[in-house]
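Residue numbers (numbering that gives the first Met the number 0), protein chains in the order written: chain A, 0 to 296; chain B, 0 to 296.
Among the clues, some could well be false.
What the hints assert, rightly or not - Have a look at the derived ranges for each label pair, beta carbon to beta carbon: (1) K205/B - R244/A: 44 to 54 Å; (2) G239/B - Q219/A: 45 to 55 Å; (3) E227/B - F281/A: 49 to 59 Å; (4) E223/B - K59/A: 38 to 48 Å; (5) R244/A - E227/B: 32 to 42 Å; (6) F281/A - P146/B: 25 to 35 Å; (7) R27/A - I269/B: 55 to 65 Å; (8) F281/A - K240/B: 50 to 60 Å; (9) L207/A - G239/B: 25 to 35 Å; (10) E58/B - S226/A: 49 to 59 Å; (11) I145/B - K59/A: 50 to 60 Å; (12) P55/A - P146/B: 50 to 60 Å; (13) S226/A - E223/B: 12 to 22 Å; (14) K59/A - P146/B: 50 to 60 Å.
Simulated from the structure, these hints should not be mistaken for lab results. C-beta: ideal position from N, C-alpha, C; glycine also.
2 protein chains.
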Amino acid sequence: MVWNSGYKLASSVSNSGGLGLIGAGSMRPELLREHIRKCQKSTKNPFGVNVPLLYPEMEKIIAVIVEEGVKIVFTSAGNPKTWTSFLKNKGIIVVHVVSSVKFALKAQEAGVDAIVAEGFEAGGHNGREETTTFTLIPMVKEYISIPLIAAGGIATGSGMLAAMILGADGVQIGSRFVASEESSAHIKFKKQVLSAKDGDTFLTLKELAPVRLIRNKFFQEVQELYSENPTKGDLEVLLGKGRVRKGMFEGDLEKGELEIGQIAGLIYKIKPAAEIVQEIIFEYNSIKKSLYIRKHY
Amino acid sequence: MVWNSGYKLASSVSNSGGLGLIGAGSMRPELLREHIRKCQKSTKNPFGVNVPLLYPEMEKIIAVIVEEGVKIVFTSAGNPKTWTSFLKNKGIIVVHVVSSVKFALKAQEAGVDAIVAEGFEAGGHNGREETTTFTLIPMVKEYISIPLIAAGGIATGSGMLAAMILGADGVQIGSRFVASEESSAHIKFKKQVLSAKDGDTFLTLKELAPVRLIRNKFFQEVQELYSENPTKGDLEVLLGKGRVRKGMFEGDLEKGELEIGQIAGLIYKIKPAAEIVQEIIFEYNSIKKSLYIRKHY
Numbered sequence: 000m001v002w003n004s005g006y007k008l009a010s011s012v013s014n015s016g017g018l019g020l021i022g023a024g025s026m027r028p029e030l031l032r033e034h035i036r037k038c039q040k041s042t043k044n045p046f047g048v049n050v051p052l053l054y055p056e057m058e059k060i061i062a063v064i065v066e067e068g069v070k071i072v073f074t075s076a077g078n079p080k081t082w083t084s085f086l087k088n089k090g091i092i093v094v095h096v097v098s099s100v101k102f103a104l105k106a107q108e109a110g111v112d113a114i115v116a117e118g119f120e121a122g123g124h125n126g127r128e129e130t131t132t133f134t135l136i137p138m139v140k141e142y143i144s145i146p147l148i149a150a151g152g153i154a155t156g157s158g159m160l161a162a163m164i165l166g167a168d169g170v171q172i173g174s175r176f177v178a179s180e181e182s183s184a185h186i187k188f189k190k191q192v193l194s195a196k197d198g199d200t201f202l203t204l205k206e207l208a209p210v211r212l213i214r215n216k217f218f219q220e221v222q223e224l225y226s227e228n229p230t231k232g233d234l235e236v237l238l239g240k241g242r243v244r245k246g247m248f249e250g251d252l253e254k255g256e257l258e259i260g261q262i263a264g265l266i267y268k269i270k271p272a273a274e275i276v277q278e279i280i281f282e283y284n285s286i287k288k289s290l291y292i293r294k295h296y
Numbered sequence: 000m001v002w003n004s005g006y007k008l009a010s011s012v013s014n015s016g017g018l019g020l021i022g023a024g025s026m027r028p029e030l031l032r033e034h035i036r037k038c039q040k041s042t043k044n045p046f047g048v049n050v051p052l053l054y055p056e057m058e059k060i061i062a063v064i065v066e067e068g069v070k071i072v073f074t075s076a077g078n079p080k081t082w083t084s085f086l087k088n089k090g091i092i093v094v095h096v097v098s099s100v101k102f103a104l105k106a107q108e109a110g111v112d113a114i115v116a117e118g119f120e121a122g123g124h125n126g127r128e129e130t131t132t133f134t135l136i137p138m139v140k141e142y143i144s145i146p147l148i149a150a151g152g153i154a155t156g157s158g159m160l161a162a163m164i165l166g167a168d169g170v171q172i173g174s175r176f177v178a179s180e181e182s183s184a185h186i187k188f189k190k191q192v193l194s195a196k197d198g199d200t201f202l203t204l205k206e207l208a209p210v211r212l213i214r215n216k217f218f219q220e221v222q223e224l225y226s227e228n229p230t231k232g233d234l235e236v237l238l239g240k241g242r243v244r245k246g247m248f249e250g251d252l253e254k255g256e257l258e259i260g261q262i263a264g265l266i267y268k269i270k271p272a273a274e275i276v277q278e279i280i281f282e283y284n285s286i287k288k289s290l291y292i293r294k295h296y
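The task is simple: from the sequences and hints, build the whole structure.
As structure tokens, this is what we get:
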């Protein structure tokens with residue numbers, strides 16, 4: 000959710016019954032501080048900050064989170080041992096994002112309060128095991144005892160209910176909120192998400208860090224480079240810097256890196272975040288109730 | 000389900016409440032005829048034959064199916080237009096396996112009676128779009144009006160219920176029945192399936208036909224070849240012939256091609272097929288009923 004989830008989106012979600020997250024991945028420490036303060040002013044409900052642990056200036060980012068009194072942190076893309084104890088000693092709830100049973104167990108051992116298990120269909124950076132939400136959730140559930148949040152492929156109430164039937168205690172939803180009014184993504188990228196169909200995203204750049212993105216011109220360039228048996232260095236040169244910002248924040252749909260999940264194929268309209276949350280909860284409850292009166296097989 | 004699903008497995012499933020399928024992919028026409036006849040003697044319930052359309056001797060295979068009075072055919076790996084009208088004119092129900100919305104629409108247009116939509120997590124041959132069960136099912140459901148059967152990642156009653164909540168009218172289960180007593184797979188392969196964990200299977204050989212298999216010695220050889228920027232021909236030479244038979248039927252776990260789905264990580268015991276069917280239905284009904292009395296969120 001880099002370049003998407005600032006205080007506007009996070010506070011709207013928190014105000015409408017979800018737990019909004021500020022995505023710190025695209026923010027320098029002082030910008031994050033500003034978003035946290037604005038979020039606190041915009042909602043009285045709990046919200047969190049998502050921190051990709053491998054990003055630069057991590058000590059400063061963590062310091063800002065502690066100084067500003069953030070109560071919930073979601074960590075990803077790094078070792079959960081590095082910061083969990085520190086954050087928990089400050090009274091902060093820590094949730095760690097994983098893509099496998101092995102990493103779920105490591106996170107639990109590191110003392111996190113809950114785990115997000117994210118499947119292969121998720122947008123953006125993604126696990127090397129390529130395990131899908133449908134199989135990852137029940138497998139992780141078998142091994143961990145702390146709460147389990149499912150992610151990857153969830154954008155609707157039926158998806159939420161399916162994930163919870165597979166073993167999740169809750170769900171994390173990203174892609175759906177990219178196409179929210181409050182997302183800070185460029186309008187061109189939001190519209191691109193609406194027009195995406197099944198098969199329009201692909202996991203690539205596995206030698207660097209696997210990432211799911213829309214098959215745009217930049218993706219085609221990556222594919223062409225692959226046909227020449229590139230080194231990791233060649234891929235790094237092509238990727239360059241700032242591709243994600245260029246695509247998702249500045250709206251350059253050709254040269255930018257457009258991170259979104261497979262479930263984009265099921266997203267048709269840009270809506271206010273509050274409406275998205277309400278629709279998901281309404282559909283979740285409706286289907287759950289309808290199951291009882293439907294025929295038992 | 001090549002080398003797994005002969006008349007023993009198919010009739011056991013049909014006798015216990017499922018629709019058993021004979022996998023014709025590993026059978027010459029006269030062997031298929033023998034399995035159909037034995038299946039007819041072993042069950043009075045409906046059963047079907049799964050036919051990968053790209054296999055050799057297709058005209059003879061189809062002739063055997065018609066001559067022996069098979070009532071249900073599942074086709075895959077080929078154009079649904081080729082045989083659907085012919086089979087339907089003989090009064091046979093035709094179901095076609097797809098991996099995308101596009102192919103689902105083509106199959107519906109070809110006049111099939113139902114569609115199997117199979118996700119990326121499925122074992123064996125697999126779609127190029129890499130769309131997962133969790134996202135493929137609701138997307139296909141949006142576009143087709145005929146019955147939709149979900150496949151890929153389903154081995155339990157909770158998986159069946161989750162797939163149906165996502166939009167499926169029924170489910171197709173493969174991997175779970177590999178580890179059944181009646182599967183004709185080699186016992187060494189069945190035990191390998193039991194010991195598989197999440198991340199132990201991988202989709203590879205995409206230049207030929209994408210296939211999900213266990214990361215055994217043969218898989219490592221494929222990976223090593225990939226590091227040398229192989230041509231399609233190089234991959235074909237390494238693959239050779241009879242790898243699947245060698246691995247799954249003869250039990251050569253090193254040199255064989257071991258096709259199984261990601262959900263193998265959730266399979267712990269070899270059981271009679273009837274017990275597997277009963278457990279799935281029982282769990283499906285139990286969870287469905289329990290949802291009503293559980294707290295509504």
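To see whether the hints hold, each was checked on the structure:
1. K205/B - R244/A: 44 to 54 Å: 31 Å, violated
2. G239/B - Q219/A: 45 to 55 Å: Violated: the Cβ-Cβ distance is about 33 Å, outside 45 to 55 Å.
3. E227/B - F281/A: 49 to 59 Å: 54 Å, holds
4. E223/B - K59/A: 38 to 48 Å: 43 Å, holds
5. R244/A - E227/B: 32 to 42 Å: The hinted range 32 to 42 Å holds for R244/A and E227/B, with Cβ atoms some 36 Å apart.
6. F281/A - P146/B: 25 to 35 Å: About 27 Å separates the Cβ atoms of F281/A and P146/B, which means 25 to 35 Å holds.
7. R27/A - I269/B: 55 to 65 Å: With a Cβ separation near 56 Å, R27/A and I269/B satisfy 55 to 65 Å, so the hint holds.
8. F281/A - K240/B: 50 to 60 Å: 55 Å, holds
9. L207/A - G239/B: 25 to 35 Å: Since the Cβ atoms of L207/A and G239/B sit about 33 Å apart, the hinted range of 25 to 35 Å holds.
10. E58/B - S226/A: 49 to 59 Å: Violated: the Cβ-Cβ distance is about 38 Å, outside 49 to 59 Å.
11. I145/B - K59/A: 50 to 60 Å: Since I145/B and K59/A have Cβ atoms about 57 Å apart, the given range 50 to 60 Å holds.
12. P55/A - P146/B: 50 to 60 Å: 52 Å, holds
13. S226/A - E223/B: 12 to 22 Å: 19 Å, holds
14. K59/A - P146/B: 50 to 60 Å: Since the Cβ atoms of K59/A and P146/B sit about 56 Å apart, the hinted range of 50 to 60 Å holds.
Taken one by one, the earlier hints fail for this structure at numbers 1, 2, 10, listed in ascending order.
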